[in-house]
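Engineer: Listed here are the chains, written in short residue letters.
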Amino acid sequence: MSVEVRVVQTAAEEAVPGQFEAVAGTLPGSPEIQAERRAALARFQSEGLPHRRVEEWKYTDLRRVLGAMPPPVQPTGAPIGPETLAELDAWKIVIVDGAITCWPEALADEGVSVTRLTDALAGADGAGLLEGWQAEARSSILDLNTAFMATGVVIAVPDGVHLAKPIHVATVTTVPEAAAVTLRHAVRVGANASATVIESYEGPDDVSYLVNTTNKVAVGRDSTLTWVKIQRDGTAATHLSTATIDVDQGARLTCAPITIGAALSRNQFAIAFDGEHADVNVTGVQMLGGRQHGDTTLFVDHALPNGASRELFKSVLDGRARGVFQGKIVVRQDAQKVDGRMMAQSLMLSDQAEADSKPELEIYADDVQCGHGSTSGRIDEDLLFYLRARGIPEVTAKALLIEAFIGEAVEAIGNEAIAEALSSLAHDWVVQHAGGGASNGGADA
Amino acid sequence: MTALLEIKNLHVKVEGEDKEILRGFNLTVNPGEVHAIMGPNGSGKSTLSYVLAGKDDYEITEGEVLYKGEDLLEMEPDERAAAGLFLAFQYPVEIPGVAFMTFLKTALNAQRKTRGEGELSTPDFMRLVKEKSTALNISQDMLKRPVNVGFSGGEKKRSEILQMALLQPELCVMDETDSGLDIDALRVVSDGVNALRDAERAMVVITHYQRLLNHIVPDVVHVMAAGRIVKTGGKELALELEQSGYAAFTEAA
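Those protein sequences? They're chains E and S, same order as listed. The first sequence begins at 71 in the numbering used here and counts up by one. The second sequence begins at 918 in the numbering used here and counts up by one.
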């Protein structure tokens, strides 16, 4: 990453050191961790917020758009549950305004260990949360997260454990005014094990709060992890998310980033193959309206032979929304017989919406099958007319077609209960947005 | 008695183009009647069916269309359907991702709702679909697929007739329903159509060939050429056309 002479700091950047000193004494972790926080803060100060002259941030210029940096949240622990996936039968962990309010004690009976970030950072294990992040996951946003990380969950599924019910980590924000929630999670699945982990995010409309969340994920040998992230933050919120994911030999990862909320969001995933014959399936959806800006940026690193990856990303864009999808697949020289396919599709509901799709393949091996595609289009008028000619009103007909468009990605998650819950969220979105030409979306705050 | 459908001096062109496709088209259809409209390619038959169903791409420059005495051209496509007008498409579209059963149920209940009737319960709906689909040789497998996806040409036409049988329209417009059908499929489709004939329901059967009219016997046959009806007669007119061809009429028009 290029280092340049920085003359002027933005107001958001300038606010950070003072905010850090104000809470430094209360942040969890051993002295080593505290030293890491300060080092991360120093890196953030020298580098500043990511901006458009950094290639992978060219569509999402945080330096320009993040007008202010909200101060760290004062944990309220308000007694409130998540609205998102409330009905889903799952082990629930609820984080309200940065405080854990619901904890699944009984998970221990299933052989799964869950640890609070505060405990993890105090112990010998703490350093493991900071080490081993892939280069493509590193940014000043990660540094900011390291400096301020206050809450989180470390989930460890030991060898041979198959968890039947998903674990749902719900982040609920209720703050009445701008505040920053900084989360650090980790998910470790041992060998021959399986689990489904869902993260959800929601919060009040019209409050410009910030969520900076990170996750360090490792899928062990011959294990299966389905990781779903549903972002429904409020209409004025900023949501920044970074994940580094390592996939071991013979492992299967399904990674499903779903973006519906926030005025501004960035999802950054770096996925690395640490063993052969692993299978990665990324299936994402973003549904944006108003002036929402959503960016999902994905790096897939085929370092070893015989891996397979599938990336399918669907965007539905209304109003003046801007949907960004960047996907980069790297196939290293030794990674023969890799099968990598990436497809990004956008459905434009308005003339003012914008889709930016940047698929990249970087292939150094000579015996691989890789491909990518990108499409964007409007609702097919012939299909719409056929449905209407059968008596289906225009809005309902559009809703059917939009839900069909994202259905392929939702079904690829491979979990019927989650697919059903997501379809219902999508349906609500569509009913709100499919109203017709003059729609401005729900996020025009 | 009010006619079910009255088309008076209808002039239509494709939006943005100069050439008129319908040029003074007149037709009156009463309840219980079956009208056949025959004509060569390019005579405007499909345009007529799309204009009746409410497709956007056309501009009506003159004339009017009354459906049960009301101005049909003022109604949205879904309102026309709910009011009892049904178009069996010449080329039914495939809709990936929309389950056929979901589509049928959504359509039926949307129409019932528009007419102020209650929604059909799922068991009642399933029973109805089973009854109608069995009669049309439509397999359970077809019903499980997305709308028309992977259907053969014949299956698509049977799918249209199934929809017609479920929705029970008062005016059925069938656009080249016989195209792409083999003899057996033609019989199944025709039987399905004939089962719907009654004193209240009228049909406009648009076709290029006479053979469909051996199965669906019309009360009136019209010959269409260059955007208007040039000759009207009984069912024997269809046979006459089969002998002599359309050439005489296209020259006259």
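It is possible that some hints are incorrect.
Here are the computed lysine to aspartate or glutamate pairs in the DMTMM-like style, where the Cα-Cα straight-line distance is at most 20 Å [unchecked claim]:
#1 S/K1061 - E/D436
#2 S/K1022 - E/D436
#3 S/K972 - E/E464
#4 S/K1061 - E/E478
#5 S/K972 - E/E451
#6 S/K930 - E/E478
#7 E/K398 - E/D436
#8 S/K936 - S/E976
#9 S/K930 - E/E451
#10 S/K1061 - E/E490
#11 S/K1152 - S/D1115
#12 S/K972 - E/E490
#13 S/K972 - E/E486
Anything over 10 Å on all C-beta distances counts as not near chain E; from chain S, calculated [to be verified]:
#14 E950
#15 K972
#16 D973
#17 E991
#18 E993
#19 D995
#20 R997
#21 L1004
#22 I1012
#23 S1069
#24 H1132
#25 A1165
#26 T1167
The hints are simulated quantities; they were obtained by calculation from the structure and are not laboratory data. None of the values given here were measured: they were computed from a predicted structure. Where a beta carbon is used, it is the ideal one built from N, C-alpha and C, also for glycine.
Engineer: Determine for every hint whether it applies to the structure shown.
Structural biologist: Hints and how they fare:
no.: 1; hint: S/K1061 - E/D436; in the structure: violated, 42 Å
no.: 2; hint: S/K1022 - E/D436; in the structure: violated, 51 Å
no.: 3; hint: S/K972 - E/E464; in the structure: holds, 13 Å
no.: 4; hint: S/K1061 - E/E478; in the structure: holds, 16 Å
no.: 5; hint: S/K972 - E/E451; in the structure: holds, 10 Å
no.: 6; hint: S/K930 - E/E478; in the structure: violated, 39 Å
no.: 7; hint: E/K398 - E/D436; in the structure: holds, 18 Å
no.: 8; hint: S/K936 - S/E976; in the structure: holds, 11 Å
no.: 9; hint: S/K930 - E/E451; in the structure: holds, 19 Å
no.: 10; hint: S/K1061 - E/E490; in the structure: holds, 18 Å
no.: 11; hint: S/K1152 - S/D1115; in the structure: holds, 18 Å
no.: 12; hint: S/K972 - E/E490; in the structure: violated, 34 Å
no.: 13; hint: S/K972 - E/E486; in the structure: violated, 37 Å
no.: 14; hint: E950; in the structure: holds, 22 Å
no.: 15; hint: K972; in the structure: violated, 6 Å
no.: 16; hint: D973; in the structure: violated, 7 Å
no.: 17; hint: E991; in the structure: holds, 15 Å
no.: 18; hint: E993; in the structure: violated, 7 Å
no.: 19; hint: D995; in the structure: violated, 5 Å
no.: 20; hint: R997; in the structure: violated, 8 Å
no.: 21; hint: L1004; in the structure: violated, 6 Å
no.: 22; hint: I1012; in the structure: violated, 5 Å
no.: 23; hint: S1069; in the structure: holds, 18 Å
no.: 24; hint: H1132; in the structure: holds, 25 Å
no.: 25; hint: A1165; in the structure: holds, 35 Å
no.: 26; hint: T1167; in the structure: holds, 29 Å
Hints 1, 2, 6, 12, 13, 15, 16, 18, 19, 20, 21, 22 from the list above are not met by this structure, while the remaining hints are.
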